[in-house]
Amino acid sequence: MSVRPIAVCEKKSFLTASLEREFAADREITFRWFPYVDDLLSHLRLHPYEIAIVDFSQIDSQSLTQLANFSCQLQLMVTCPKGDFDFECLLREVGVTSVIPVGTNANQIAQTIKKMIARDK
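In our numbering, the protein residues as written are 2 to 122.
Be careful, since some hints might not be right.
To be verified - Cβ-Cβ distance ranges computed for the label pairs, FRET-style:
hint, residue 1, residue 2, range
1, 49, 94, 21 to 27 Å
2, 49, 82, 17 to 23 Å
3, 31, 108, 16 to 22 Å
4, 109, 85, 26 to 32 Å
5, 116, 48, 22 to 28 Å
6, 85, 3, 15 to 21 Å
7, 3, 84, 35 to 41 Å
8, 31, 109, 19 to 25 Å
9, 26, 89, 29 to 35 Å
10, 106, 49, 25 to 31 Å
11, 47, 69, 27 to 33 Å
12, 49, 119, 15 to 21 Å
13, 18, 119, 22 to 28 Å
14, 70, 115, 33 to 39 Å
Hints are computed from structural coordinates only; laboratory data are not their basis. Glycine included, each C-beta is placed from N, C-alpha and C at the ideal position.
Using the sequences and the accompanying hints, generate a full structural model.
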């Protein structure tokens, strides 16, 4: 059994905790919470992750460029308000695999994660 680590970057750990509950029975999936995108980026340089989920409000142009550099090593998922979906095309161009509206329930996000993991197998 191999561990499949997922990084979650959000100001408060609500999504992280919800996803941990959704995957409680799955010992292969682990989550690590990062409150700041700079912490996430530093950690990604040293540790491999399968998926990174990033809150759009945490991203600026510099961090977007850095996240784009990691898009060949992992799958990126961005959560953003529906009003910011104008940026979806840009996000996908830099390598974001999935753009999820803020407020999407954890069960739906868990289903997306399962699909993303299945693509890698």
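We went through each hint and held it up to the structure:
Taking the beta carbon of each, residue 49 and residue 94 are about 24 Å apart, inside 21 to 27 Å as hinted. In this structure the supplied range 17 to 23 Å is violated for residue 49 paired with residue 82, their Cβ-Cβ distance being about 30 Å. Between residue 31 and residue 108 the Cβ separation comes to about 19 Å, which falls inside the hinted range of 16 to 22 Å. Between residue 109 and residue 85, the C-beta spacing of about 18 Å breaks the proposed range 26 to 32 Å.
Take residue 116 and residue 48: their Cβ atoms lie about 23 Å apart, and the range 22 to 28 Å holds. A hinted range of 15 to 21 Å is violated for the C-beta pair residue 85 and residue 3, which are about 35 Å apart. Remark: the range hint 35 to 41 Å for residue 3 to residue 84 is upheld by a beta-carbon distance near 39 Å. Range check, residue 31 to residue 109: about 20 Å between beta-carbon atoms, so the 19 to 25 Å window is met.
Our hint of 29 to 35 Å for residue 26 and residue 89 holds, since their Cβ atoms are close to 32 Å apart. A beta carbon spacing of about 28 Å between residue 106 and residue 49 agrees with the range 25 to 31 Å that was offered as a hint. The beta-carbon spacing between residue 47 and residue 69, approximately 19 Å, falls outside the hinted interval of 27 to 33 Å. Distance hint for residue 49 and residue 119: a CB-CB separation of about 19 Å, consistent with the stated range 15 to 21 Å.
For the pair residue 18 and residue 119, the supplied restraint of 22 to 28 Å holds, since their beta-carbon distance comes to about 24 Å. Judged by the Cβ atoms, the range 33 to 39 Å given for residue 70 and residue 115 is violated: they are separated by roughly 26 Å.
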